[in-house]
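The task is simple: from the sequences and hints, build the whole structure.
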Amino acid sequence: MLRNRKLLMLISLLVAIGLWMYVMGNVDPTITERISGVKVEMEGQDILEAQELTVSLDGPKVIAVTVEGKRSQVNKTKKAGIRALVDVSSCEYGKNEKDILVRLPDSVAGVTIEELSEDTATFTVK
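So the number in the working numbering is just where the residue sits in the sequence shown, counting from 1, plus 1349.
Hints were generated in silico from the structure; no laboratory data involved.
Below are the PhoX-like pairs computed for lysine-lysine, each with C-alpha atoms no more than 20 Å apart in a straight line: (1) K1447 with K1388; (2) K1475 with K1447; (3) K1427 with K1410.
Following this line, the structure appears as structure tokens:
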């Protein structure tokens, strides 16, 4: 009786692993994942530097981005990297606030941005 029970548990485990591998490999389910540690980069600093101005971020220098898509595409997105950009080229002296633009890699398709931990960046131009 005990031997039969162990055999049935082993068969059940193997079937469960097989089904999981099938779903992950062939079905490619849609998932939502939060990607932390996306560095906020400033774009257009060269224009301000030409005016002898510098820029420093006042808020967080990294954000978290929640994305949704097929599991394989979300994994490609994480490997290729997400860019968070703030265009500072048109900013003026003093405190400024601009929207953070998130760019997904060109090599992925079907991945959408669901949420950002921070929508705007606050920075000082001196």
